[in-house]
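Dock chain B against the given chain A, drawing on the hints supplied.
First to last, the sequence lines map onto chains A and B.
Counting from 1, one number per residue, gives the positions in the first sequence under our numbering.
Counting from 198, one number per residue, gives the positions in the second sequence under our numbering.
There could be a bad hint or two in this list.
[To be verified] Cut-off 25 Å, straight-line C-alpha distance, at most; resulting in silico cross-link-like pairs (DSS-like, lysine-lysine): (1) 140/A / 248/B; (2) 58/A / 277/B; (3) 220/B / 161/A; (4) 251/B / 132/A.
What the hints contain is simulated information worked out from the structure, not anything from laboratory work.
Here the structure is a predicted model, which is why all the values come from computation and not from measurement.
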Amino acid sequence: MEAFSLQPEKWVILYGDYLYSLAMMKTGSRETSQDLVQETFLSAVKAKDTFNGLSSEKTWLTAILRNKVIDFYRKKDVLKNASDYLADTEASFHAAFFDSAVDSYGHWRQDTAPRAWAESADAAMKRKEFYKILQYCIDKMPPRLIPAFVAKYIDEEDTEKICKELDLSSSNYWVMVHRAKVLMRSCLEKNWFLEER
Amino acid sequence: MGIYLFRKVVFNCKKATLLGLKKNDGTASLWEELQLFYHNLYCNSCRRFIKQSKEIDILLANITGQEHENPTHTLPDQVKNNLQAQIDQHRK
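Same shape as in the complex, but just chain B:
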């Protein structure tokens, strides 16, 4: 039983990476944090995943600002004129 639990925690990278995200979110339980800590003692890949994941978070949080400066998509002019006309109708 002890060995089974040990393996389950030490070898399960799918679970460990999920716990890593939860920990970054501040919503992991103490038991979850312990399992993660224990797993990461042995697992380079998951330590790396969690580090890269935090970097990706910063990039993702930046997208909204990027889309404002440099929108990926452009509305057709006709749609724009139409939209502004509708807004003008209601704003008076």
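Next comes chain A alone, as it looks inside the complex:
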């Protein structure tokens, strides 16, 4: 198998906008994203002798950016006091989707229970406009839920690794991922899957 090689002279053209877009999705801030992309390229070029050629240049740079984003999360408030944040927002999340009468057990509210979709996910995948809606739904998500959500569903890392990296207990992690998923499904349903195309 031929090993991959690095071409730093083409990095900005080939991966600049790509890495910038990933950073925007994960942090929501232009300034932060530009800084993170810069740090990624500089760390990469300094470490270019350690590149082993087993993964592609793109995969390698994506992994470096991922670590930069996690460092950024650690320095910010998004990961702090997760239990307090989740406890404080529990009632409003519950009331938005589930029955909150005193005697109830948390059944879906009638108006938010999942409905049958007009278009399959397979068909949506092939449409460019769909990814705009997907972006929109990520942007709308509470910032505190983003790190766990992105690590699990976009970076596809495994649960144990994510909990360690983000310093989350397994139960807080699941509550975050669950909330994010309920919000995401509902947002996609409202803005895409119920509409006839």
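Just chain B, lined up with the frame of chain A:
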């Protein structure tokens, strides 16, 4: 007590959907899987949630590739030139 537990499992969609995600992740315990199975016997909505959730997973996993082909955001030219100049400085 029996009835209370029964209701807690059968009617609690918030818990059932969370367990559904855990099951898809392969990290649900046997007891959690049993509760979910039991809940889903009665609950159409949660069965649907879990099915749609798996479809969404595939779409989400695709985003990285999409961003490579068609980036949502574009760095300003000036920033790009600046970045490449910095890289060039270090690569020699």
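Evaluated hints:
| no. | hint | in the structure |
| --- | --- | --- |
| 1 | 140/A / 248/B | holds (23 Å) |
| 2 | 58/A / 277/B | holds (17 Å) |
| 3 | 220/B / 161/A | holds (18 Å) |
| 4 | 251/B / 132/A | holds (20 Å) |
Violated hints: none; the structure is consistent with every hint.
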